[in-house]
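Novice: Taken in order, these protein sequences are the chains called A, B and C. Under my numbering, the first residue of the first sequence carries the number 1, and numbering increases by one thereafter. Under my numbering, the first residue of the second sequence carries the number 421, and numbering increases by one thereafter. Under my numbering, the first residue of the third sequence carries the number 729, and numbering increases by one thereafter.
Hints were generated in silico from the structure; no laboratory data involved. Possibly wrong hints are sitting among the right ones.
One-sided excerpt, in silico: chain B residues whose CB lies under 8 Å from chain A [as the list claims (entries may be wrong)]:
(1) Tyr475
(2) Gly675
(3) Ser676
(4) Asn698
DSSO-like cross-link-like pairs, simulated, lysine-lysine; straight-line CA separation at most 30 Å [as the list claims (entries may be wrong)]:
(5) B:Lys627 - C:Lys733
(6) C:Lys787 - B:Lys572
(7) C:Lys996 - B:Lys534
(8) B:Lys627 - B:Lys534
(9) B:Lys581 - A:Lys164
Among the chain B residues that face chain C by a calculated CB cut under 10 Å, a handful are [as the list claims (entries may be wrong)]:
(10) Thr464
(11) Val495
(12) Gly498
(13) Leu500
(14) Leu535
(15) Ser536
(16) Arg537
(17) Met544
(18) Phe592
(19) Met596
(20) Trp601
(21) Val695
(22) Phe710
(23) Phe716
(24) Phe719
These figures come from a predicted structure and were not determined experimentally. Glycine residues also receive a C-beta, built at the ideal position from the N, C-alpha and C atoms.
Given next are the chains, with one letter for each unit.
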Amino acid sequence: MRRKIAMILCATMVTTLFAGCGSGTENTVATSTEEGKEETSANEGEVVSIWHDGDEAIMKVIEDQVNEELSDDNITVKFEKKSGLTDQIKLYGNDAESGPDMYMYAHDSLGTFVEMGVLSPITDVVDESVYADMLPMTQEAGNYKGEQYLLPVYFETLLFMYNKDLWEGEVPSTTEDLYAYMQEHTDADAGTYAVVNQHSTAYNVSPFINGFGGYIIDEDANPGLTDEKTKEAIEYNKKFAELQADGDYNTVTTLFNEGKAAAIVGGPWLISGIKDAGINLGIKSLSDFTLPNGNSLAPYSGIQGVGVMKHAAEEKKDAVAKVLTAISDPEVGIALAKEASCAPANQKAYEDEAVKSDEMIAAMERTAETAEPMPNIPEMSVMWGPAESLLAAVNKSGDDLDAAAEQYQKEAEAAITDMQ
Amino acid sequence: MLCAPLFRDGVNSMKNRQKIRPWTYSLPALILIGIIVVFPILYTGYISLTNMNLYHWDDYHIIGLENFARALTKVDSGFLGALATTILWTVLNMVIQVVLAFFIALGLNVKGLKLSRFYKTLLMFPWAMPAYISILLWRVGMYNTEFGFLNKVLAALGFEKMNFLSENVPAFISCMVLNLWMALPFMIMMMDSALQSVDKSYYESAKLDGAGFWKQTWYITVPAIRPILIPSVIMTTFTTFKQFDIVYLLTMQKGSLSGATLQTIITYAHQNAFVSNNYGLSSAVSIVIFGFIILFSLFTNRGVKEEA
Amino acid sequence: MRTKKIKHMTGLTILNLFFLILCFLTLIPILYAVSLSLSNGSSGLSSGVSLWPKDATMKNYVAILTEEPFLLWLKNSVILSVGTMILAMGTAITAAYAFSRYRFKGRSGVLKMLLILNAFPQILSMFAIFRLFKTFHLLNSYIGLIIVYAGSMCIFSIWNMKGYFDTIPVEIEEAARIDGASSGQLLIKVVLPLARPAIIVTAVMVLIFVWNEYLFSTTFMMNADSYTLAAGLYQLQSGDYSRSWPLFSAAAILVSIPILIVFFCIQKYMVSGLTAGGVKG
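Okay, chain A solo, but in the shape it has when bound (with noise of 0.2 Å):
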């Protein structure tokens, strides 16, 4: 009975509890976000804010581009990084007092946040002809069930990068080439490679699995990683991971930068580092590589779009307008590839001379020709834990391939079946 009392006791504190707190700092606060506005209103205008989890570097030269031609409009676009954007979206998606207006992240996880109900199609507050000039790739891949959500900005894909100084002869353009190559030069007791590659990480693999024709997950989420392609392309995998180190981003990357490493397989994002160690680097675009079928080598790319929150395609539909538009001019796309060392999404980037004479985005654009985007349905977001299980379970463990891909692809289903 006592006890009881107090539970009830507790109840009635806590609520008078909150009742005192929330009112108190929901004053401040209300006052607090209230100023902001003022402020804003007075000298900047409207505020566009689009959260995003990269390289702040490369946002701050899209956000200074923007901001420049929206000077005009009394527009101010903020980025702002958030750690584990995807979880960020999940809790303020939704939120128009302290969520964002837009963002922009990797186009893998747009089917998640549209089926979770936080997008507006772009296509709700621009014409289709904003986004038109884009490589045709990279609008599929902001494409989710027949409507666009994602503009895109820039794509990332692996490269092969190499030390000029410590590759000798030519790069091969077959993969057979390529691992007699590397059996030849690989001595991994000195430790030093011919090539590394994050070969247990199934966005590194995907050259393979595509160029065999395999995949990780089809249209219909369906899994495939017991598909017999995605298993041959797998097994042809392992014999170059086992040349090729431990497969840790921290390892491979700085075997290259120590030159230890005669070659990686990597994407843009290495750049920066390998320039810093002063390796001297050549590009070599995957798709130039044919494997043992005739296929090119086919990497995944990810696309870095903006998306639109549904509260602010219907509250601040022309600031938004003026954002994504001002977003999708191609010369925002040439201060990217030149200030940043990224491969714009804007064709007609790609007729600035700079650009078109940037070794490593030429490689970019030619390998966006075999290049397949990830795909963007919300099944994907749990295939890569099976797939790099796999992955992990065949090139470091030693299990067998097909009791593995049997189980992992058990593992998959299930998961899918639970997102339900």
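Given the coordinates of chain A, work out where chains B and C should sit on it, guided by the hints.
Specialist: Coordinates of chains B and C only, in the frame set by chain A:
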């Protein structure tokens, strides 16, 4: 509330106050706990009865016990394996931790050890670092196959390089070493403060009786600090039981899977329910796991009973 | 007598040696971080065996202190830690005292309950607390975070201090009570000084918890300027692809140092009033 005047009239009112006072003393704390600990558990219970998932993010409704039926299917061999691993993990960690910390703290309290303050401060360093930083440092700085310190030492001694995290047994030990590294400072500090409370005069009379170091330790020190330490040991046991960061960040972080398939029940739940964005289901799984933790706590209940 | 002294001295020397080795072993990962933080390149990792970089530089420390709002984050960390410490200790000390000294119905039940409640993984609570705080407009406010932190540490604090309170002989209090002390005075003037080590240890625990917490801080605070040190650091370097190891390690060392200073300073207060005062139980 604290300074209620002490009336001296009437045994009855005195008695009532004696009944109410402990509650008034503990009420603020209980409210705080009610908000931050109890409410979330109740809320998780509520969500577990709904169909809140990716496709019903804002328009979820109560669907009954369906999620629990699904959650219980997850209590399969994989789960039981994870449970066994977790128990082994907890027991090993706790035993080593308590024994090591005890002797280190004893050493630190030896009379005449002038530098003990300095040693204590240095030994606390691992604790002063945010956990995710420590784990990253160990993964890349210690265990890495090419550049890790341990492998450099192995190589310098003429041994072969070793991959510490690719198979389950070495990975388990590696995780345990890291956990001990991270958790020992706290235990040492607890032991140290407990040792401060032991009345030194006991030792003198024991010495007169001719008791040696081990006897003094066993018959004076241990009984004296036991009641102080039991709470923190129990607390740490729970923390160890639900440890997630170490195993997850060391071996199974996305993009840097190490190859080991070590699972504790929390990582198992994470992998099997939480990645799916199905809040209803994962809440049900949480409640089921919570049930297991309560069961587990019944084992440790003996220590609690003596105390409470 | 002399041989005893010599024995004692050699014992101390061995003990010192033992602790020096132990400290060194413990500090290897930290030394590794220090060496990284002093290195010049951007990757910092290297295959050399040494624990000291070839061309040491302080530039990473300078960068953290000048290019990031480090001092702002430090201030936020201090505000949150102190606020949490006041709220958590203020509520927990009285509760621990009540659970230790009074025998009332429900006492052992509540105590056990608290223990079991504490077993619920905190990370699972985040979503519920988020919803609750959103309703009561406690998001993006220090008060909200302080409530979260204090609530998270409350059970631990109660249990931890209760254990120590139990060892303080009731007779001391009774003597004071006879001298006419009220129960509030008793708590402040008699019990608190006696339980000083436990209170300090618990307070340090709370401090370190708040100092190193980043998940709630990055989720509940909307503006990077109101982050704590750990949160700012997490935000800065959370991704593998964007991490600059030297910067990251420098920041990690800088975050830890205030805690170590606090720890070094409080040690002399950790001697119990009980043993120091010479009162026999």
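Novice: Are there hints from earlier that the structure breaks, and if so, what are their numbers?
Specialist: The structure conflicts with hints 11, 12, 13, 18, 19, 21 and 24, although it agrees with all the remaining ones.
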